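Make the full structure from the sequences, and use the hints.
Chains as they are written, first to last, in the numbering used here: chain G, 1 to 510; chain V, 1 to 60; chain X, 1 to 419.
Calculated from the structure, these hints are not laboratory results. None of the values given here were measured: they were computed from a predicted structure. It is possible that part of the hints are untrue.
[What the hints assert, rightly or not] One side of the interface only, derived from the structure: several residues of chain V facing chain G at Cβ under 8 Å:
| hint | residue |
| --- | --- |
| 1 | 6 |
| 2 | 10 |
| 3 | 37 |
[What the hints assert, rightly or not] Listed below are the simulated DSS-like cross-link pairs for lysine-lysine, each with C-alpha atoms no more than 27 Å apart in a straight line:
| hint | chain 1 | residue 1 | chain 2 | residue 2 |
| --- | --- | --- | --- | --- |
| 4 | G | 137 | X | 115 |
| 5 | X | 17 | X | 115 |
| 6 | X | 10 | G | 103 |
We put the CB at the ideal spot given by N, CA and C, even for glycine.
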Amino acid sequence: MQRIEIIRSSYYDSVTLMLVAKELNKLAGVTSSSLVMGTEANYNILASGGFDVEGLDATPNDLIIAVMGEDSSILENALKTAKEYIASPPWKKEASAGDYRPKSLDGALAVQKDSNIAVISVAGRYAGDLAMDCIDKGLNVMLFSDNVPLEKEIDLKRAASEKGLLVMGPDCGTVIIRGKALGFANACPVGPVGIVAAAGTGLQEVHVQLARRGVGTLHGIGTGGRDVKTEVGGITTLAAVEALLSDDEIGTLVVVGKPPAKEVEDKILDLVKRSGKPSVFGFIGGQARCDEPPVYICSELEETACVAAALAKGEDPVTARIELKAKEERLKKKAEEIGLRKGYIRGLFSGGTLCYEAQLVLAKHGIDTWSNAPFSKEKKLENSLRPTAHSIIDYGEDEFTQGRLHPMMDLTFRCERFLTEASDPEVSVILFDVVLGYGCNPDPASLIAEAVTASRVKSGGRIAYVASICGFDNDPQDFEKQKKILEDAGVIVCESNAQASVLAAFLLAR
Amino acid sequence: MSLRILKEGPKVINFGIEAFHEDQKKQGVPSVHVDWKPPVMSASLMDKLRKLQQGGKKKI
Amino acid sequence: MIDIQEANKKALDILLKGQPVLMDMGIAKDTVPGMTGRTILHAGPPIKWEDMSGPMRGAVMGACMYEGWAKTPEEAVELAKSGEIKFDPCHHHHAVGPMAGVTSPSMPVFVVENKTYGNKSYVNMNEGLGQVLRMGSFSQETIDRLRWMEEVLYPNLRDGIRHIAKTLGGLDIKSIIAQALHMGDELHNRNKAGTSLFLRAIIPAMIEAVPDVKQLPEVIRFIDKNDHFFLNLAMAAGKCTLEAAHGVEGASMVTTMARNGTEFGIKVSGLGDQWFTCQAALPDVLLFPGFTKDDVNRDIGDSAVMETSGLGGFALAAAPAIIQFVGGTAQDAANYTMEMYEITIGENNIYTIPAFNFRGTPTGIDILKVAETGITPVLDTGAACKEAGRGQVGAGIVRMPLDAFAKAAEAFIEKYFED
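Right under this line is the structure:
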């Protein structure tokens, strides 16, 4: 049975809500609990979790506490406990003494007068105004929040531009400044590369692939996914490109993301050509195009890193590309060793760009995929929770993250999907990403290994589990350890997202 | 245009996810976490307030 | 459009330039403006008899009997119901009163003058602890004490104060407050140092000025036994400095903040005479033995004038000893004060906090900052028993309710915003 309670006009951050739910699930007799804000998306998530949401009138400003359990007294207690935990989190017992935590922007500026950037990850409907206040006070802004309206984004970027400030976002998950990671980012060495990226995991993958080739990155500037579209006009991208081109600490520029609007692309290329600095463009899913050294055009992430690394090391990028291609070809043999099979590929992704790239690589190998974030409109899944045929799902998309933690932090939902896919007898390959670094879950490999093991039991060895780890040696999670945990669970770990996608394609018998 | 922050390194005011603040501190990045809550006043009142606060400063 | 920052700067400036000096004493009906024959002044925003809580009613009843308008508590109740008594906030008469704050025509009051701007404020004398009128007691003991205060305490103090006024120009209250702040008082819940410093000043003056020095030992002993005696003077000092800062066009600074046991109310410098009110907070304080949560009356008293002028809960970092009494750590005391900087216009020039490198206390509550941040003023206050006359039930940190500030902020924006 279930009980649902609504607390009106209350705001709680999703971390607290998640942790409270976790604690509630520890109570005897509670089978499931969910604490979410009353958004439409969350209604669907509650419904899919088995809750009956008929007649609920919670608004996005209201908190819904939903619990399922054995009997009504257990549920009453659970609701009571939930409210106690929200007011006084049990995991925060020693929090009191310590540094003062200001409650406002002005308070923070009084404490740290030389602040130069605000990192904002509050709910999207508040984030825009908060960002504008920060710009008014002369701060750059990293806007991690999504669901910020387009008009607001344009206002913010125009205001920032007038003051020589950057707005990185909305929906910007990764920023690197002088080698320091803000948001989700990996602990890679510092070097002469500067990256401008429309997307978080796009930046992360390139960052990591460069590091694996012995090349460090000094700055990684996120612009948010809409920046290079016509409406925004590339304000942040162009400002970042200009700054990096004129920066003498930067020897190689990398620009990565989905292909920009034509006029924005032209402006970027113009800047780059006039500067003459070696530059690599990773237009993921872009049209094939000729390089014009020292400007190189790539269409995949590892390729981009490979070419940029060669430039940084003074090697020949063309040779580097050829070697990478050869590596991919060798994956055919690996696929045969694993065993070719018929059936469908299901992609379970936490990184948006990685999900996108996977679709493109599979398409290149003749495999058409459905997705909740497809590169072509006709292949959009009607229901993200009901994949069909070959489907590659991005669990970081809006419908999954309203009032919920990002899947790079909380793997619960994605792990459940390993089991769901295992029950589909037509699924024979599961392709996924494991993202490490700051901001991410402290031990994703263990959680996934558990899910894979359970999934394998259910599917009886029918499925090949193929993954790549977006991570590096010095990441908090310990890259080598994470790799071992996955491999011990029978996951085939590839060197990059592109290679993992190629291997998945090769695994299908034709 | 040059961006000063690229030379200075980040000095962060963090709103929202506390884990980011912790990670920033772990890397030695100066960071202040704000115990932020949504404003009590409606969006339209906040908008008027902002204009009011700026209006006085613009001397015509 | 009006420049709010400039207006607030001006209002704060006036507040800080105030020079509150104790000049005189007098009987309320002869001294407090607007004190007619049957007026009873009370703490907080306007309130009718029907809405008064236990302590307030008890104090009104006690005052009626002290004045001789009623012989029994029952008669006093009938009189209060009848409409014959004019109830009015102390604040409407340039006065303040702690807890129930009941001030009646025959009561002696202190006269504190703001030398910089010429305005005056009034407050009665603090009775001490236990069975006292301001906690709602109407017992014979209470009334007898009030009579003694009128007949013995008052004339002696008055003569001493007048002597100081003649010879030294008056007793500088601000200076005593500043010193007391460095001696562990925060001037709301702790006034021991202030009371001691006051005694040091008044004793020699009384010895020189009073007709019969044989009365002085009981006078001095009375004040000595009452650690809160100085509170009333500090409150009057706050009141007269704040009043001078009221009426600055475009200023969002709070000039009055008070509770009457039922409602909480504020007035804002740039919003004229309007009270913005809401239900008073139910104090969640550390309870004295013998009392339970059910005994606590809603927040009551004009003593919030201390926080309004940058002291009390706004100066906790200067009085860490008191925080132990309310169950916190020294870091908590510092954190509360740090928080108050986020909702005030500026820092005090004279009242400073040694632990913060002598940084001035957060002064000048800004309703707009309160509404923007949701941070409400923190008071360090006592709580009264619901049942009239049972005294104080506890003390601690109490947050003022947000609603009144939100209403005031909305009114402010509607008044001053131009399209």
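Any hints this thing doesn't respect? Which numbers, in order? 4
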